[in-house]
Each structure stands twice: as structure tokens, then as C-alpha cells.
Amino acid sequence: MLSTSLVIGVAFTYLLILFAIAYSADRAALKGRSWINNPWVYALSMAVYCTAWTYFGSVGRAANSGVWFLPIYLGPTLAMILGWLVIRKMIRIAKTYRITSIADFIASRYGKSQRLASLVTLITLVGIIPYLALQLKAIASGYQMLTTPLNSTVLYPSHWWQDSTFYIALLLVGFTIMFGARHLDSHERHEGMVAAIAFESVIKLIGFIAVGVFVTYYLFNGMSDIFRQAQAIGHLNALFSFNTPANPLAHIQWFSLLLLSLLSMLLLPRQFQVMVVEAVDEKHLKRAVWMFPLYLVLINIFVLPIALAGLITFGVGQGNADLFVLSLPLHSGYEWLALLAFIGGVSAATGMVIVEATAVATMLCNDLIMPWLLKRNGFGLLQCSDLTQIILWIRRGAILILLLLGYVYFKVAGDAYALVSIGLISFAAVAQFAPSFFGGMYWKGGTEKGAWGGLLLGFVMWGYTLMLPSIAKSGWMDTSFINEGPFGIALLKPEQFLGLTGLDNLTHALFWSLWLNIVAYVGMSLWKQPSARETSQALLFVDVFKRKTHSAPVFWQGQAQVQDLMQLMMRFLGQDRSTLLFKQYAQYQGLTLEQLQPNAQLVHFVETQLSGAIGSASARTMVESVVDEEPLELEDVMHILEEASQLRAYSKALEEKSLSLEQATAELRAANEQLKSLDHLKDDFMSSVTHELRTPLTSIRALTELMLDDPDMEWEQREQFMGIILAEAERLGRLVNQVLDMAKIEGGHAEWHTTDVDMKAIIHQAATSMSASYLEKGVSLQLKTPETVAVLRADADRLLQVVLNLLSNALKFVPSQTGQVTVALKDAPEGITIEVLDNGIGIAPEQQALVFEKFRQADNGVQQGTGLGLPISRQIVEHFGGHMWLHSELGQGACFGFFLPRLAHE
Amino acid sequence: MIRTILIADDEPNILISLEFLMKREGFRVLVAHNGQEALDQVANEAPDLILLDVMMPKKTGFDVCQELRAQEAYQHLPIIMLTAKGRDTDIAKGKALGASDYILKPFSTKELVQKVRDIVESST
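Residue numbers (my numbering), protein chains in the order written: chain A, 1 to 906; chain B, 907 to 1030.
It is worth saying that the hints were derived from the structure and are not from the lab.
Heads up, a few of these hints could be off.
Stated by the list, open to error - Beyond 10 Å from chain A on every Cβ pair, some chain B residues (computed):
{"id": "1", "residue": "Glu917"}
{"id": "2", "residue": "Asp946"}
{"id": "3", "residue": "Pro1012"}
Stated by the list, open to error - Listed next, the in silico DSSO-like pairs over lysine-lysine satisfying Cα-Cα at most 27 Å (straight line):
{"id": "4", "chain 1": "B", "residue 1": "Lys1021", "chain 2": "B", "residue 2": "Lys991"}
{"id": "5", "chain 1": "A", "residue 1": "Lys682", "chain 2": "B", "residue 2": "Lys1001"}
{"id": "6", "chain 1": "A", "residue 1": "Lys89", "chain 2": "A", "residue 2": "Lys411"}
{"id": "7", "chain 1": "A", "residue 1": "Lys546", "chain 2": "A", "residue 2": "Lys283"}
{"id": "8", "chain 1": "A", "residue 1": "Lys744", "chain 2": "A", "residue 2": "Lys676"}
{"id": "9", "chain 1": "B", "residue 1": "Lys929", "chain 2": "A", "residue 2": "Lys812"}
{"id": "10", "chain 1": "A", "residue 1": "Lys676", "chain 2": "A", "residue 2": "Lys760"}
{"id": "11", "chain 1": "A", "residue 1": "Lys31", "chain 2": "A", "residue 2": "Lys95"}
{"id": "12", "chain 1": "B", "residue 1": "Lys929", "chain 2": "B", "residue 2": "Lys965"}
{"id": "13", "chain 1": "B", "residue 1": "Lys964", "chain 2": "B", "residue 2": "Lys991"}
{"id": "14", "chain 1": "B", "residue 1": "Lys929", "chain 2": "A", "residue 2": "Lys682"}
{"id": "15", "chain 1": "B", "residue 1": "Lys1016", "chain 2": "A", "residue 2": "Lys676"}
{"id": "16", "chain 1": "B", "residue 1": "Lys929", "chain 2": "B", "residue 2": "Lys1021"}
{"id": "17", "chain 1": "A", "residue 1": "Lys493", "chain 2": "A", "residue 2": "Lys682"}
{"id": "18", "chain 1": "A", "residue 1": "Lys812", "chain 2": "A", "residue 2": "Lys826"}
{"id": "19", "chain 1": "A", "residue 1": "Lys744", "chain 2": "B", "residue 2": "Lys991"}
{"id": "20", "chain 1": "B", "residue 1": "Lys999", "chain 2": "B", "residue 2": "Lys1016"}
{"id": "21", "chain 1": "B", "residue 1": "Lys1021", "chain 2": "B", "residue 2": "Lys999"}
{"id": "22", "chain 1": "A", "residue 1": "Lys286", "chain 2": "A", "residue 2": "Lys546"}
{"id": "23", "chain 1": "A", "residue 1": "Lys682", "chain 2": "B", "residue 2": "Lys1021"}
{"id": "24", "chain 1": "A", "residue 1": "Lys760", "chain 2": "A", "residue 2": "Lys812"}
{"id": "25", "chain 1": "A", "residue 1": "Lys682", "chain 2": "B", "residue 2": "Lys1016"}
{"id": "26", "chain 1": "A", "residue 1": "Lys89", "chain 2": "A", "residue 2": "Lys493"}
{"id": "27", "chain 1": "B", "residue 1": "Lys965", "chain 2": "B", "residue 2": "Lys991"}
{"id": "28", "chain 1": "B", "residue 1": "Lys965", "chain 2": "A", "residue 2": "Lys760"}
{"id": "29", "chain 1": "A", "residue 1": "Lys283", "chain 2": "A", "residue 2": "Lys95"}
{"id": "30", "chain 1": "B", "residue 1": "Lys964", "chain 2": "B", "residue 2": "Lys1016"}
{"id": "31", "chain 1": "A", "residue 1": "Lys89", "chain 2": "A", "residue 2": "Lys375"}
{"id": "32", "chain 1": "A", "residue 1": "Lys473", "chain 2": "A", "residue 2": "Lys95"}
{"id": "33", "chain 1": "B", "residue 1": "Lys991", "chain 2": "A", "residue 2": "Lys812"}
{"id": "34", "chain 1": "A", "residue 1": "Lys812", "chain 2": "B", "residue 2": "Lys1021"}
{"id": "35", "chain 1": "A", "residue 1": "Lys676", "chain 2": "B", "residue 2": "Lys964"}
{"id": "36", "chain 1": "B", "residue 1": "Lys1001", "chain 2": "B", "residue 2": "Lys991"}
In this text the structure is predicted, and so the values were computed from the model without any measurement.
Glycine residues also receive a C-beta, built at the ideal position from the N, C-alpha and C atoms.
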């Protein structure tokens, strides 16, 4: 036996160490170094699932019923492994809409319904108090076990003020307030608390495994030794038989336990708190998915060995199996180990109490007390400018009341049931949240009325089939209604409802409560249309991953003042914090505080922040009080939804359109570029034509003026001038003809008279018409043609024009007297080649490409052409499928040539 | 004092008319058939004024104008550009390169003579 002062001293010191951890974690968080932003801490904090019930009770259950302790841990393992996507969505929804409790989650989903929030809180409260009592009981019996001499009966004090459990409860109130209600946070996050809980998870694991190793390997020679000895006392078979004649439907019971623990893993207030509300980063979930199940495996390894060792040591039916963890080391004289085990148990119990009480107190405050006070203007709340202190004190009061209720329950009913049974009753209560909770996450059709009906019916069934019988069995009620049915109606027997027999109490209760819950939820949801707000919230929840965080609510219309909103926030969150939040919000929007507009987004922001402090339903009420909202009609929402879907379809069509538009634009741009360059070309052409017209006009005008000015001008002079004028006039005429010609050919309007053409005849005709000019300049013209030349199809006049042009060009560039020009015709089956060679000054290579372009006469000092002759000739040749070329070297004469094909079809 | 005028144009007939006109007005006349010849004439004969055609082979009137203005000695040599290209951009370019005046072909002989006289007299 250990001294009272030692046990109390050690336990108290341990709690102080915990507080030191929590305090340091809070300080570190303030400095921006979060201890809990870590997947290990996250996974360990989830192990708050393992309470004193696990720590002591599993052994008790294993001792009584063998492997039946297992489903309680397989359920959460399944929840983690199969349901991590669900948890991820829970986290996302909670973080996005600043949801801080299960009650808030459900209420918020169904249109921020106040009555749902209150109902969920009430169910939680009723369901959780036995569970809290259980923790008190665990600590109290552990304490008794340690401080009472072995084998002496534990005497409970007759007066509560002599009862150590009462003081334990008060101590826990103090610590819970220190951990969970020291200050107000709009995120409802408690860094210190989570850090302490994670630490406690480590301690309880160490404590339990220490006892397990001690028992298995010190008291016994390993697991096989224990099992062998257990076999010897003949109890083992009973523990490991599954479907016994006494319990033929064990597999159903197994399944219901599995389902129950799976659901409670997700829905217990403390699990929701550490897993969702306190989650720092969704990514940590990936680590927790295997770490948490691993933790469960580790803490369960020694459950059976310890249970069997207890049975072997103390004898079947002797000693409190729930306390084997303590009594085995004590019995062996290892009091320090018992103390360590006790501290492990204290860890398990306090961890649960602190988190559960914090979470439930938040719910009580936000979803039950505050709305009630706000509605009735209690404490002059509506006039109060800073409500943060009031909220804090309400929470602290709630924690006190919770634990006192737990204590009362412990005093009244604590002895009636074994630990595990109490825990399962609580599990069955929170399991009632499942239909409306998960339905709300994945089914947009779920309505507030459905949720309300389902929850209420489920809760009533739970109370009637599970809670009432348990109270009756504690001796506080007449048990006749259990055995004979109320008023003797057998069909209404709470444990054989409507004549359903054969199931164990728990499975029976779970079956009826959950079944009726689901039927009511789905039935009423389908029966009545949801309100506009419900529809909008349903959308926000179910499609949470499709929405961007911080985006404004689509469904809001009304008017507000920034000042009112800010004051509202200050009342609940305090001035400093509100100012900071507003500043951050403004910064996020890229605005200054003064520039903030009281739009839907700001209202949504304020409401979300308030939700964290006072719950979504109350936040809604408060925001409504300062905002002049237009009532949201279902048609509005449907309209917006419809618009949104139309918009989506429209934008998709637009996307496609814009793609083809883009292509069209690119084509247009290309065409435009082409047009521009064409325009540019036209400009150049016009400018060149103008230049070519003005040049002869200049001479004509100047010379005419000169002659007019001087009537006495000598005749020779006059004759020279008139000769020039005539030549320039002819040049003008030629130019005009050629420009028109060019325009016709280029525009495709030229007339072509295609006939059989004798190319030899054309060359002779051209030579004849040029002979006078050649003779005048003293240039010889030689023709080299074959005897006969086959005809080809072309326009004879046009080809004559080409040859004349080449001959006249050649004449311009050869020197007079010594000039020689040769025309050579080569006939081949595929076509005719004609070349005009001269011995003129030739054309520089860099200019050769230019001579076929309009108005680009070679820069050779002989400037008499219009600059259109060669371009036109080339167009003519190309019209008949041929091509034209120039071979020349500067000073070596030039050779212009062209080839005309005999086209196959002509 | 007899002034010397350099006439640069690649059109022989225009050269003939301008030469006749300027001689009649009592100027000494130099001719050039392209830009390069014009620059050579300026260097050799130091004319008092140039009538400079723009579109000429070898070097254009713009080139000639630019090269002359680049030399200290010809900063203030009067240059009248003659052009058959009537686009505003061409006129602006001529002015920018430092031409004293710009005359569009075909021109009135009287106006041309008046301009030449004004410039020559104002420069003395």
C-alpha cells in the first residue's frame, strides 16, 4: 500500500508537468512555433480515444468475455483506414466554415438551425455524463486500490465532502479550465491542450506496456506460459468461444460493436475536437491513418495477457478485473510500477475529461446557453460591448457543471455497471448523430426537419431501449417495465421492442435507434422541401472541395455597415483580436481598413469568425441583428443555382467559341497583315506611278513655259524643246498604257486571245519593227532560229509584246555602233526557249533580281524605261506556264531569256 | 557677281530645261547626272546653291543632302530639293535632313526662279 500523500503528490505533480507542457506549447504557438503542427502529435492526440475505459476496462472485459474487448479498437482502425477521406472532408468543412463542434457542424449544415444545435448538445450532454463519471470512477477506484491495504474491502465514505472522488472532480475542473478555457479563440484551438494530450498518450502507452511486459515476462514466462496456465484453469475456452449457446448471434453483436466504435471514433465530441477542430494541417491525416491504428495495436497487445494473468493470480471471479493493471504489480510488491500504471490511468482519464469537457462546454456555451441568453437578453448581453469575458465564464461554469454532473452520476449509478457498459451507452448516444452528420456531408437532399426528426427519434429510442433499462437495473426504477413492458404491453418491452428478441441489449438498442433515426431522417427530408438557407448550406458542405476557401457566400443579399460589423465582432472576440482580424482580412483583399466594403463577403467573414466563438446558429442571429438582410427565398437560391449551372454550360460553350474565335483571329490577323502589306505595296505602286508620271510632266511644263516666255526663241532651240516635249508625251502615253496593262494582268481582267502561235514568225515580226531603231543606233541584230518551229498555244500579240520589250531593252543598253544583239530560239518537244543576248554594260548581280519588279529599273545610268516593261513581260510568260530569267555580269552584256512550255492539254 | 548653281537630276530632259532656265536668269550652271557627280561638283566648284533631285541613281538626293550637311563647310549651303514624290513623309524627310526648301515636280518655272533668287540674295 502506498501512502495517500505520495499518490496524491505524484498525481498532482504529474498534472502540473502536463500544465507546464501545455503552457509552453501555448507560448511557443504565440511565437509562431507550433508544437502540434506535426503529424506525430496529431496522431498521438487522436489516442485520446483510449480513456481510462481502455486502460482499465479492456482488461476487465477481456477477463470476462475474452476477445470481446477487440471490436472497440478494430472499429476506429477501420474508421481511420477506410474513412480517412471522410475525415478529410470533415476537416475541410470545419476549417472552411469555422465550425468548432459536432453540434455546430450539424446545425450549420441544416441552415444554421438553432434547435438542431441545442438538440445535438443535449444528446451529447446526456450521453457524455456517464462517460465522464466513468473516468472519475476509474481514477477513484485506482486511488482506492493504491492507498488501501490489499485484500481489505474498499469503503466508500458516506458523505460527499469526505469523498476523494469529489476533490478529484474539482481538481479536474481546475485543470480543464486551465487547458481548455483560459482564453477565447475564434478557431477554438488549444495548442497547449493538444500538446499535453499527445504527451499523455505517450505516458499511458508506456504505463500500460510496462505493466504488460512486467506481467508477461517477469511474473510469467512469456505469452505462451500465460496461455498454457490459463488453459489449465479451464477458463480459456469459454473466453475464446465465439458463438456460444448462450449467445447464438455473437457475430451480429460483434458487428454492432464494430459499427458503434467506428462511429464514435468520428462523432465523439473529444474525437471531433482533436481530429477536426484542433487539426493544423489536413496532410497530417496521412500519417495518422497508420499511426493511430498502430497505437491501438500497441496498447492492446498486453490486454489478454494481463487479463489472463489476473484470472490465474486471483482466481476466476475473484478481484476486480477492471483493476488488474494495478493489482497485479501491487500483489507482486512492485508498488512503484503500480504507481506508474496508475499515472498511466490518470493520463487516460484526465486526457479524456479535459478534451471532452472542453468540447462539450463549448457546445453547451455556444449552442445552448448563449443562444438562450441572447434571445432573452440575459445579463443585458445585447448592450454589453465586450462579451469575451462572459463567454469565458460561461464555459468555465459549464465545465464545472459537467464534472459535477459526472460526479453525481458516479455517486448514483457508478456501481451499477462495469466500466465497459457505461462507455458503450455513451457510444450509442453519439452514434445517433451519424445519419444527419454523414448524410449532411454527402447528400444535398437532407433537410433540417429530417435531421431534427431523425435525431429526436433516435435519441428517444436510445433513451428508452438502453438508458432507461440501465437506470432501472441500477435499482433506481422499477424494473417491471423491462420484463413485462410498460403498462404490461409486451410489444413495448424496451429490450425486446416490437417483439425483437435474441439480440443483446446494445445491438437491440442500436438497431432500433439507428434504424428509426435513418428512416425519419431520409423520410422527412424527402417529404418536405428544404428552405433556401438549408439548400445553400447543403451546397457549401457537400461541395466543399469544389469551393475555394475565403470565397464569398453566393447566397446573401442585404445591407450592412462596416462599423456595425466590426463592433459586433469586438463584443465577442475583444477589441485587439477583432482589429487584427479585420486588418488581416483587408490585407487579404488588397485593401486598407478604411476601404472595406460591407459586402456579402465581409458579412460572411464576420459571421464565420463569430461562429468560432459562439457557434454558427448564434453567429447567424447576431449578424442578423446588425445587418439589414433581405430574406433569402428558395426561389432566389434555386435561381442562383440555375444561373450557376447555366453559366457553367454557357462558359463551356464560350470556351469552345473563344477557341475557334482565337483561330479565326489568328487567321484574320494573318489576312490583315497580308492586306497591310498589299496596301503598302499598292501605296508604293501609286507612289512609283506618280513619280513616273510627274517626271515627263516636269520637262513638258518647264519647256513649254520657257518657250512661252520667250517668243523670240531661236527655231533650232524651239525645235529641240518640242522634240523633247513630244518624246515625253509619248513616254507618258506608254506609261499609262503599261500601268493599265499591268493592272489588267494582275487583276485577272486581261483579255487573252489564245491561238496557234508560230514563235519564229513572231521573232521575225519583232525584228522587223525594231530594225529602224537598231539601224539608227548602228546596232546589229542577229536572229538564230531553226528551220521549222512547231506551234504552241498562246496569245500572239502578247508574245510579240514580250519580244519587242526585250529587244528595245537590249538596244538601250548596248553601245551605239559597236552594239550587238542576238535572238536565239531553241525548239524542244516540251517547249520553246528564246534568249536575247547583248554586249551592253550588263547588270550587277545584286540588281538582277530587281529588274523584274515594277519600277525597279537597273541602276545603270541609262534611264528611259517606264519600269514596267519587264514585269509585264514576265507576267505574260508566266500566264502561259513559262518562266523568265536573266544571266548577266557587269560589263559582260546581259542575256534575258524565257521558256514557254507546250502544255499537254493544249 | 555671278552666282553658280548646281543642278542634279538623272532625267536628261529635265536637266536640259533647268539648265536653259537658270542660264537665262544669269546664273552660272553646273550639272550632275547622279548623286555622286553632285557631291564631286560641290567639292570642285563650290556652287552657291543646289537644285537637287531626290530619286537619282548611285546616291539619292537625300544621301547627298545628308553628306553635305555633315560637313562643316556646307552647313549653310542652300539646297532646294526637287522631287516627283509628293508624299508628306518625303517632304518631312527632306526638311529633317536639312534641305532649305522643297519643290514638287512639275513646278512652275517662275516660282522656282523666285525661290532661287530669294535664297541666293538672302544668303549674301
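#### Entry: Which numbered hints fail
1, 3, 6, 9, 10, 14, 15, 17, 23, 25, 26, 28, 30, 31, 32, 34, 35
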